[in-house]
Amino acid sequence: MRIPRVHIGAELVVGEEVLLDKSQGHYLKHVLRLKPGAALLLFNGLEAIDYRATLLLEGKQVRAAIQSALALQTESALDCEIIQAIGRSDHIDWVIQKTTELGISRIAMFNAERTQSPMKSTQLEKKLVHWRGVAISACEQSGRAVLPALDFHPDLEQAITASSSESRLLLDFSGAALTSALQPLPQSISLLLGPEGGLTRPEIQLAKTAGFMSVRLGPRVLRTETAATAAVAIVQSVVGDLG
422 MRIPRVHIGA
432 ELVVGEEVLL
442 DKSQGHYLKH
452 VLRLKPGAAL
462 LLFNGLEAID
472 YRATLLLEGK
482 QVRAAIQSAL
492 ALQTESALDC
502 EIIQAIGRSD
512 HIDWVIQKTT
522 ELGISRIAMF
532 NAERTQSPMK
542 STQLEKKLVH
552 WRGVAISACE
562 QSGRAVLPAL
572 DFHPDLEQAI
582 TASSSESRLL
592 LDFSGAALTS
602 ALQPLPQSIS
612 LLLGPEGGLT
622 RPEIQLAKTA
632 GFMSVRLGPR
642 VLRTETAATA
652 AVAIVQSVVG
662 DLG
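Taking the numbering used here, I'd label the letters of the sequence shown as residues 422 to 664.
In case anyone wonders, no lab produced these hints; they're calculated from the structure.
Honestly, I wouldn't trust all of these hints.
In silico BS3-like cross-links for lysine-lysine, where the CA-CA straight-line distance does not exceed 25 Å [claimed, not checked]:
| hint | residue 1 | residue 2 |
| --- | --- | --- |
| 1 | Lys-481 | Lys-456 |
| 2 | Lys-481 | Lys-443 |
| 3 | Lys-547 | Lys-519 |
| 4 | Lys-519 | Lys-548 |
| 5 | Lys-481 | Lys-450 |
Whenever a hint applies, use it, and build me the whole structure from the sequences.
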């Protein structure tokens with residue numbers, strides 16, 4: 422059986438023990454039915470390191486004894502960011518899950534003019550916790566140990582201002598092929614994607630004024646979550662470590 426990987430949101434030190442939360446303990450003890458001494462891999466989301474550990478069962482508490490540290494080679498050298506307009510909740514979850522698996526560095530969400538259900542400030546804290554959980558699950562599954570940065574901006578202008586990527590690409594139908602925009606090979610890339618209805622003309626002009634170049638993925642119309650995943654896969658294949 423594959424060794425379970427568990428995210429621990431704290432500093433991990435070889436030779437010490439860590440307490441797993443109730444949901445993690447329940448999953449390991451009752452779903453996977455692991456026994457004391459079972460092997461675990463722990464990561465904290467901040468460094469490209471897996472910590473080898475063994476499972477300890479002490480009454481209702483589930484702990485892990487950290488034994489050694491293993492440096493990983495699962496982080497892409499490419500600094501790749503997605504600036505993604507808010508869409509349906511399940512679409513955003515899909516984007517976070519799949520692009521995390523593909524090695525994305527940052528995911529910045531924003532309310533676009535055509536966003537059908539804009540994110541409200543009262544929803545933000547709960548949503549960020551949920552999105553972080555999606556990213557953690559994707560890291561556990563894919564072998565990544567560094568979580569992508571997740572952020573939200575109230576509009577496109579603020580999302581663009583927060584980006585500092587060398588190459589800025591806007592996904593639409595009017596530009597050249599995405600692969601042609603990756604020469605010479607950049608060290609950092611920002612990919613801007615609109616909502617289901619696309620960005621408005623003023624938003625597109627705002628992006629182009631900020632240095633974004635229009636590129637296309639091909640002749641077919643893709644859903645926004647499909648476009649995000651495909652774009653990251655292409656970029657990682659040409660510039661990063663995919664394939």
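We went through each hint and held it up to the structure:
Our distance criterion of 25 Å between C-alpha atoms is met by Lys-481 and Lys-456, whose separation comes to about 14 Å. Between the alpha carbons of Lys-481 and Lys-443 the distance comes to roughly 9 Å, so the proposed pair stays at or under 25 Å and holds. Restraint check for Lys-547 and Lys-519: the C-alpha separation of about 21 Å stays at or below 25 Å, so the hint holds. A hinted pair counts as satisfied when its Cα atoms are at most 25 Å apart, and Lys-519 with Lys-548 qualifies at roughly 18 Å.
Only pairs whose Cα atoms come within 25 Å are accepted, and Lys-481 paired with Lys-450 is accepted, the gap being roughly 10 Å.
The earlier numbered hints are all upheld by this structure, with none contradicted.
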